[in-house]
Every structure is written in C-alpha cells, then in structure tokens.
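Undergrad: The chain contents come next:
There are 4 protein chains.
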Amino acid sequence: MRNIRIIIATVIMAVASVPAFAGKIVTEKIQSAILSAEVAYNVYLPDGYSSENHYPVIYLLHGLSDDYRAWDIKGNMKLVADELMASGECVPAVIVMPNAGGPDTANMWNGYFNMPSWSYEDFFFNEFMPAVEAKLNAGGCKGQRAVMGLSMGGGGSTVYCQRHPECFSSCYAMSAWLDNDKDNVRPHKDKDKLYYVTKAVCERSALAFVENADEATVAQLRTVKWFFDCGDDDFLFDQSVRMHQLMRGKRVKSELRIRNGVHNWEYWHTALRMSLPFASRNFSGK
Amino acid sequence: MRNIRIIIATVIMAVASVPAFAGKIVTEKIQSAILSAEVAYNVYLPDGYSSENHYPVIYLLHGLSDDYRAWDIKGNMKLVADELMASGECVPAVIVMPNAGGPDTANMWNGYFNMPSWSYEDFFFNEFMPAVEAKLNAGGCKGQRAVMGLSMGGGGSTVYCQRHPECFSSCYAMSAWLDNDKDNVRPHKDKDKLYYVTKAVCERSALAFVENADEATVAQLRTVKWFFDCGDDDFLFDQSVRMHQLMRGKRVKSELRIRNGVHNWEYWHTALRMSLPFASRNFSGK
Amino acid sequence: MRNIRIIIATVIMAVASVPAFAGKIVTEKIQSAILSAEVAYNVYLPDGYSSENHYPVIYLLHGLSDDYRAWDIKGNMKLVADELMASGECVPAVIVMPNAGGPDTANMWNGYFNMPSWSYEDFFFNEFMPAVEAKLNAGGCKGQRAVMGLSMGGGGSTVYCQRHPECFSSCYAMSAWLDNDKDNVRPHKDKDKLYYVTKAVCERSALAFVENADEATVAQLRTVKWFFDCGDDDFLFDQSVRMHQLMRGKRVKSELRIRNGVHNWEYWHTALRMSLPFASRNFSGK
Amino acid sequence: MRNIRIIIATVIMAVASVPAFAGKIVTEKIQSAILSAEVAYNVYLPDGYSSENHYPVIYLLHGLSDDYRAWDIKGNMKLVADELMASGECVPAVIVMPNAGGPDTANMWNGYFNMPSWSYEDFFFNEFMPAVEAKLNAGGCKGQRAVMGLSMGGGGSTVYCQRHPECFSSCYAMSAWLDNDKDNVRPHKDKDKLYYVTKAVCERSALAFVENADEATVAQLRTVKWFFDCGDDDFLFDQSVRMHQLMRGKRVKSELRIRNGVHNWEYWHTALRMSLPFASRNFSGK
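Protein chains in written order, with the numbering used here: chain A, 97 to 382; chain B, 97 to 382; chain C, 97 to 382; chain D, 97 to 382.
Chain A with its partners taken away, still in its complex shape (with noise of 0.2 Å):
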C-alpha cells in the first residue's frame, strides 16, 4: 500500500518540519522456571531506542479481562507515549506492559499476586523484571522504575509499592482494585481463577496494609510518590477514596483525582497524560 499520508504531504505543501517522535511496540517472551511456562509481553521502546545507552522503565499493567496487548490495542498507548516524550513533558523511557492472563486463556491463573502453582509475585520481582532491564539496559533502580495499571492493574501497582517500596519511585494506580470484601471471594465450587484472584485480593488488600501499617512501613511507604485516579461513577469508587483518606491518616502523602468517567478504556486511555509525566517527574538518577 502507498502511504498515503506522506503523499498528501508532499503534494499539498512543502513544510520544513521538525521530525517526528516514533516510538514503537515490540512483542517479546520470556522463559519462566518459576511459572514452568513461556510468558509474552509488549515493550514501548521510545524514539531512537538504543540499547547503548540507559533508560528509566515504567511498567505498565493491564486489568482482570485483558492481558499485555490490551494498553497497546485498546488503550492506543503509543500515541500518547510518542506526544508527551516528543515535548518532553514525559522523558524517554522503556514502558514495559507484562502479561498477567487474558480472556482467551481460560485455564491460567492470573493476577499479579502468588497463588498456588503460579507464583506470579516471585516470577515478576525475581525473574521477570532483573531480566527485561538488562536485557533492555532500563530501569536497574528504585530511581529509575515506576509501576502503573489500571483496575487489578492499580491494585497490583499499589500492592507491588506497598510490598516492594525499595524497588519503584512512584505508583499510579487507575481505577483501582484494592480490596475485596471477604464475603465476597468467589465460590469455591468452580475452583476457575476467579476464585483465586479475588482471593488474592482478599489477602493482598492494599486498603488493610495501610490501615495496619506500623511506623517503620509508613516510613518506606513514604519513600514512593503516590497517584490514585478514579472516574466519578467507577464501581471501584469508594476504594481509592478510601486509599486517599487512610493515607492521609497515616500521614503519606498521596494525589487524588477523581475525574468524569466510569471503568473504561476513555478513563485509562487519558488518564496516561497524567500518569506518564508523575512518573517521569520522579525519576531521579537513584
């Protein structure tokens, strides 16, 4: 096919410009000895990538439904990548986007905790993330790495801060889930992976680690910038309220949004013009 668009360039007008930012998306895989499984997933390289020299490395994670294709195919990340890091108000950085399950993967467990037979929560800090960032040359440090996601994806970032708070600099956590009501854990009978991410989450609540929170936890917690961003009528609402308001409790500072908007991809999608320069304003070279 013809490309078009620089056709229409050329003929309509000659326009000095300045060139544009490209980034581009490039799916890779990874061998699991602790999963006992091959894991995919889908790395942003910025513009003029070159593995000479050194990023900082966001990861970006997807919700309970989708798996690491989504923020690439529904949530049109690149666009929004390539504009903020070509005005420079998010810096070049890799944006790695792992994969925590998906719809067509009925009988894998998911979620971004362990749970029996899937460790996922060792595979991520021990494997998965020592490999991509040297692979990549990115991230290395608490300075140079940030964790964002939306719903299970705001909870597994606010779960891996919280538990992990020496491994990343800041977290955004979009429309998060961050706790689950113990009566509500799924019923055992199917034993399908519901059962156990809602139990995970049960287990893994992010609400009940701050309320419970000792001195010395507050103290870590405090050495991560925290952003919660939650449309107006979200059913998971009340849940990042309630984060801002124990937060506050405790005295660590976290930024609140709540902007127009319900549990969907416009919310995500635009949330990422805030979240990506939170996170590259608190880079440091630490």
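FYI, nobody ran anything at the bench for these hints, they're computed from the structure.
Don't take each hint at face value.
Identical chains blur together in the list; that is why a pair holds if it fits in one copy or across any two.
[Unchecked claim] Under the rule of at most 30 Å between Cα atoms (straight-line distance), these lysine-lysine pairs were calculated in the DSBU-like manner:
| # | residue 1 | residue 2 |
| --- | --- | --- |
| 1 | K170 | K120 |
| 2 | K349 | K289 |
| 3 | K120 | K346 |
| 4 | K346 | K174 |
| 5 | K349 | K125 |
| 6 | K125 | K346 |
| 7 | K346 | K170 |
| 8 | K174 | K120 |
| 9 | K289 | K125 |
| 10 | K231 | K295 |
| 11 | K120 | K349 |
| 12 | K349 | K231 |
| 13 | K170 | K125 |
| 14 | K295 | K120 |
| 15 | K231 | K346 |
| 16 | K174 | K125 |
| 17 | K346 | K289 |
| 18 | K295 | K349 |
| 19 | K174 | K295 |
Model the placement of chains B, C and D on the given structure of chain A, informed by the hints.
TA: Coordinates of chains B, C and D only, in the frame set by chain A:
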C-alpha cells in the same frame, strides 16, 4: 463469552449506581441515484434512542485515507460521545459518519466535493442529508445541525458551511485541509483520485473563499459558529492559522486552538472532547 | 491615566479584531424588612446588558470569612465570565453575588440559613430573589436560575436546592461545607456568629438531608443537576465525597470532581471554568 | 484579626492532613551602578526555603504597563506556584520578578533592553542576575535557570535567550511582543518612554533575529527549550504564530499553544500552570 466485567462488579462489591449511558453505532446503506452507487455510513445513536423523539444531528467527516468506519474504529468516538452525553456536556444527538472514499476502494472517486461523474456534494445535500434525517428523525434545520471533521473532512466541513450556511449552526474543523496550491495539484497522468481530490481542493479553496467574500457572503458566514483546531506540529498548521487571520480580517468570529500534536488520531480523538460540546451549545430550536 | 494598552495596540500594529466581550460589575443595595437591614450585593452584567432583554441568573455565593465582594476581588470572576461568555461556553447571564456576612461586620449574624433575629433564608427567597430578578429582568423560574458557591456558600447552594428544588435548575458546590458534627458546634459562651453558624450548619446538614430523604423528596432532588468539586487536600474533602456516595445510594445523579488543591482561591477561581458552563447548559426555557 | 480559616477547620472537624506547601513573596532592592538607580524586585521563596540549599531560578518578567509587583498582585502567582510545587509538577525553585518600569514611574525608562542612559540589559546580566543568585543560592548556570514573561516580558524572555543562549535552559513567552514595525515607532516628539521602548523592540526584533540567524546561531538556539503561548483573540497573535513558523523553518524545535483568550491576566495566570512545569522539567544539573 462471559461478560467478565459484570462478574467482577458483582463479585467485588454491591454498588448502587446510576445506570450507565451507552449509545450504539450502527452501519446503514443508502442507494444514491446521483452517484449511481450504494453508499455506506455509520450512525451513533444515543442511549435510549427512539425514532419517536427528535434529535439534533452532527455530521462527523473522515479524512482522505479513511472511510466511514474510521471515527468508530480508529477514533473511538463512541466512548467520548457516551461520556459527554452522560454528563450533559453534549446533548443527546445523532452522529452521522458518512463515506467519502477509503483505502480499499482504489478506483472510486472520493472527497466531499463534486468531481466529474461523482457529484458527491450534490449527493450529500440533495439525497443523503434529507434521507438520513427523515429516517432518524433528526436535524431538519440549521439550528439542529452541525458538521465537523478531520483533515480532508475538516476542509469538507468548512466548505460545506461556507457554501451552505443556511444548513449548519456550527463547524468544527480539525487539522483541516483548507487549500491546495495550484502548482501542487497531483499530476494528471494517472487520472487517479489524488489528481481529482487535489484539484477539487484547489477549486474549493476555503481560504480563497474568505479572502474573496463580499459583504453579503460575510453576513452569511457570521450565521455559523466556527472553530479551527490544529496541532502545533501538524503539516497543515499554516492553513488553520491563515483561516483564523482571514476570518478576523473580515470580522467573522472564529475560535482557534493550537494544541500539542501532529496529524494523528490522538489529536482527533481528544478534539472530540471540545467539538461535541461546541456543536451542542450552538444548537437551537430553529 | 492614559489607557496604555490601547496605546500599545495602536503603536505596535493595526489589527482588525472582533470586538472584545466585557461585562461589568456593579454594587447595589436592598433594604430588607425581614432582616431590618440594608444588604449590599454585587452583580455581574454581561457585555451589552440591557434590561429590555431577559437573562438567566446565576447566584454565586461567598464563604464564611468573606462577603459579597470576594468573588470580584479575590476570585477575579469577571475575567472568567467575560471569556466564557465571549466563546459561548456560558450563555450571557446575570451573576448575582449576595452578602451573607463578612469579616468587617463582626457583630452581624451571617450564613445562608435562618437564625434567631436573622432570617436570612426567608430574606433570600422572599425578598432578595424576587426583587433582584424583577429589577434586572433575569431568572424568574427554575429553568432560568442556577446557584453555586464556595465552602459555606457551597453548603448554602446545596441546601437551597435541597429545600427549594422548584427554584433552581442546577447546583455547583465548591469545597462545600455540608455538615457539622454536633459535638463541634462552637461553644456558646461567646454567642458569637461562629456559634450560630456552626449550629445552623448542624441543623441544616446537607448530608443528613439526603440520608433521610424519602421517595418524594428524592424525586424532587432528581429535578436539579448536581455538581460537587473539591480539592484532594481540602480539609472538607470527606464531605463532598460522602455527599456523592449518598446521592448515588439514592440514585440521584451527581457529578463529582476531585482536582489537585486545597481550600483556597486558586481552586475556586479555576472552578468557575467548569461551573459557569455547567449552569449554562442546564438552563432551559422553563 | 483572628485567623478565621483555622477556626473553621478546628470547629468543623479534626482532620489529619499532610502539611500545606506555602511559599512566600518578599520584596528586595538592589543598588545598580550601571543604572545609577535603586531597583526593586520581588522574589518567591518556596516553602521551607533555606539559603543553605541550592535552588534553580526562574525569572518571571512583567509587561509594559506594569512593574515587579504585577505577577504577585494581578497574577496571583503565589497560589499557582504553591500548588504546583506541592504536587511536584514544578520542583521547588526561586522565582525572581525583576522591575523594568511601571506606570507610576512616568519619567523612568523601561523595557528589558539597553537604551540611552538606561542599559537595562547590561544591568540584568552583569549586575542583577549575579547578585540575586549569589544572595539566594540559586541558579548559577544554564541548566538551573529559566526565563518567562508576558507581553513585553515575553519579548524580553525571548530576546534574552536569543542573545544569551548560554544562560537559560528554557524560555516561555506569553502573548509575546516580539517585533515592532519600524513605521510604528512612537513619534519622537515626546521623547517619552514609549518612543524608546518601541524603538528598542524594533532594533531587538525577535522575529528578525530568527529570520537572519546563520547556522552557528541556529545551533545555539537549539540549546534552549522554547514555548510560545498566545490567545486566539490577542492583538499580538500574529507574532507568536510567525515565530513558530520561523523557528520551524530553521528546524529549531518550539512549542506553540493557542488557547482561548485575549491579552489579559486570566490568560497569563492560567499560563503559569504550563510554564512552571515546562521550566521545571527542562532544568538539569548543568
């Protein structure tokens, strides 16, 4: 497939919530006598649409290398329309996305203007608009009708309002293709559609139209609300700026916004957040 | 003083420009029989205002430590109103800024509710509103009337709409003071105005009103468009959130925005960019 | 006067909150040998400022009819700076507001350029900047210094960066006065300051500077980050647009934003929300 989102909502927590606003997009076809062809189009119907009720209509035009499906598939217009209508920033309206060509119809003329054997403008005003509005119980007069579009569709919107000011209450042109240098008309040898499109844009120059407008014409232009919106790094940047200057020179009020961006779907998607409220607030009963 | 701006414009370049939109603020007084006092107020009159024409009216309420001049002097409301009316984001409307006290009137009761010997709510609805609207040829019915305000004025706006839903088409409450814990009523010993104000806010709790609303009352609440807007670090944050949750529980649609900020004029000034369009688009002919 | 806000907060509810960020504005004076005059200026010191620590510095320039107090009094810059530094959108920085004239100094030369007997540019670079930065332990190098301003101050910012690119990491020009037609120089008869100011702007035309820049100069321009921001109805609109086009022609990257508005404080106040983060993210250690 199980609707996993509902399951999550059910599993996680019982939330009393205001029902969501959800429009839908349907594809329709019209048999045109003027074009001797069947022409497809998409329609966004707002939540609760009923042909018993009357709605204002917005024509949303695609660009040169696309067709009537682009605003749905690439532009994700549904989520934005849903959100803005839910919050009242845009009144419930029918949004019609007509077809003026497309990449997979290589031998078909395209563009929004009349060409030899392809009198699209005649089709639009004499066949398409009356038929669609009657079928959908929408529009019907200047005060209940708006037009907007991107690139070639931004030019189309502008020219339609210039030449048919009695038809539209407002025009919102995104990254608009408003003129074509005569020297840059696509060489004739191919007799391909780019030759005819570029030639038509020359002949229908929206910039020349304003420059040459006499007082009676200017008075007509003032009956339309104008909005031009173009990225600071768009290759068509100069045209939107020039249009705003020409309109100012003729004392026709127009809005201009230059936001960060280039000629891409991120720009047009975010433009909808301004263009739909703009159309909405300029509707009237007349 | 020479008008230096005009000189500059003249000196620098000859520019053909669309005439600017410039409203003006005037101070008026009304003699109240109910209060046995003369009460001052400010009015923003849109560009070209004439009492020959009818206008919708917006009541814009100040907070506890201020008076009727605050929105002009500290809030710079004129520039925002001018801009939004010029661009059509807000229809030309009369904006009335009543007086409910002020720092330099230490011995005068204040607040928007009835108190012993100071029946302000009665004054507002029975004297002030009718007189102002007749004098200015504005408002006159629910569809042509909106109310908004900050802090104590946000609470006043909410309570006025709860108890007089037949009067207002919309309510926009900024950093609203919606409730007061009974245990925190200002001690009586001073019989100062803080005692009466805090007591009145207890008795007129906007949160309790929703919590206790029966179906008939809820049906009335649904006839008003509600918007709550509060900073994430505002000391009144919990109240706006709680209101949104209570409204959701009663299935009354309300908008909530939590933006970055605290209880200050930067927040309220920027709120005008949303509140004036919100009022405007919810006006109707009825 | 009692601090009524604290009383309210105390009375209403006990709220555990993260301490607020509150900078302060102080007025200083410097005795200039070059100007043979004492020159006042304002400084915004961020919350917790201590001369023990080093800070980046932002020069914030006023316009023709104002003086060093304008950004404080008319622009309310303190609240915006407080908010953006509290949320991390701008790093803690010292913001210096110099004096280049003012309405009540009718017989004093003004503007940012050298004039007969008033070598302001020499003063700025050789006396003011070194003295202020030493005193405040701020700036000290290109990477730690930014300049921004409105109207005449936008022109001043641009020209300072064009002629001293080794001094500033970024330039943000609001509604900038970038050029003056030779035919429109204020007639000489008065020998008033408008004559000298308009003449100086002719001679220091920022547009002509770019137009005439050779390759070595262009290379220097590329070491500065440029941002032009002007209202669509500003009488200086054409100049910002022309600058962006000229910079593009020389392949010097510049950002341009055209927002709704005219030449007024609403535009400049809201511009701070973009300009302070822009300066902040372009600071570096060098």
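Undergrad: Can you tell me if K125 and K346 fall within 30 Å by alpha carbon in one copy, between copies, both or neither?
TA: neither (40 Å within a copy, 43 Å between copies)
Undergrad: Checking an output row: K289 and K125, CA cutoff 30 Å. Within, between, both or neither?
TA: within (23 Å within a copy, 44 Å between copies)
Undergrad: Evaluate K170 and K125 at a C-alpha cut-off of 30 Å and name the case that applies: within, between, both or neither.
TA: both (21 Å within a copy, 28 Å between copies)
Undergrad: Have a look at K346 and K170 and pick one of within, between, both or neither, based on CA distance no larger than 30 Å.
TA: neither (37 Å within a copy, 34 Å between copies)
Undergrad: With 30 Å as the alpha-carbon cut-off, assign the pair K349 and K231 to within, between, both or neither.
TA: Close neither inside one copy (34 Å) nor across copies (32 Å); limit 30 Å.
Undergrad: Is the C-alpha distance from K174 to K120 at most 30 Å within one copy, between copies, in both cases, or in neither?
TA: both (7 Å within a copy, 26 Å between copies)
Undergrad: As a check of your reading, is K295 near K349 (CA-CA no more than 30 Å) within one copy, between copies, both or neither?
TA: Intra 29 Å, inter 33 Å, cutoff 30 Å: intra-copy only.
Undergrad: Given a CA cutoff of 30 Å, do K295 and K120 count as a within-copy pair, a between-copy pair, both, or neither?
TA: This pair counts as neither: shortest intra-copy Cα distance 37 Å, inter-copy 36 Å.
Undergrad: Measure nothing new, just compare the shortest in-copy and cross-copy C-alpha distances for K120 and K346 to 30 Å and report within, between, both or neither.
TA: between (41 Å within a copy, 28 Å between copies)
Undergrad: First find the shortest C-alpha distance between K174 and K295 inside one copy, then the shortest across copies, and answer within, between, both or neither for a cut-off of 30 Å.
TA: neither (34 Å within a copy, 35 Å between copies)
Undergrad: When no copy is named, should K231 and K346 be tagged within, between, both, or neither for a Cα gap of at most 30 Å?
TA: Classified as neither: same-chain Cα gap 39 Å, cross-chain 38 Å, threshold 30 Å.
Undergrad: Treating 30 Å as the Cα threshold, decide for K349 and K125: within, between, both or neither.
TA: This pair counts as neither: shortest intra-copy Cα distance 37 Å, inter-copy 37 Å.
Comparing the model with each numbered hint stated earlier shows that hints 2, 5, 6, 7, 10, 12, 14, 15, 17 and 19 do not hold.
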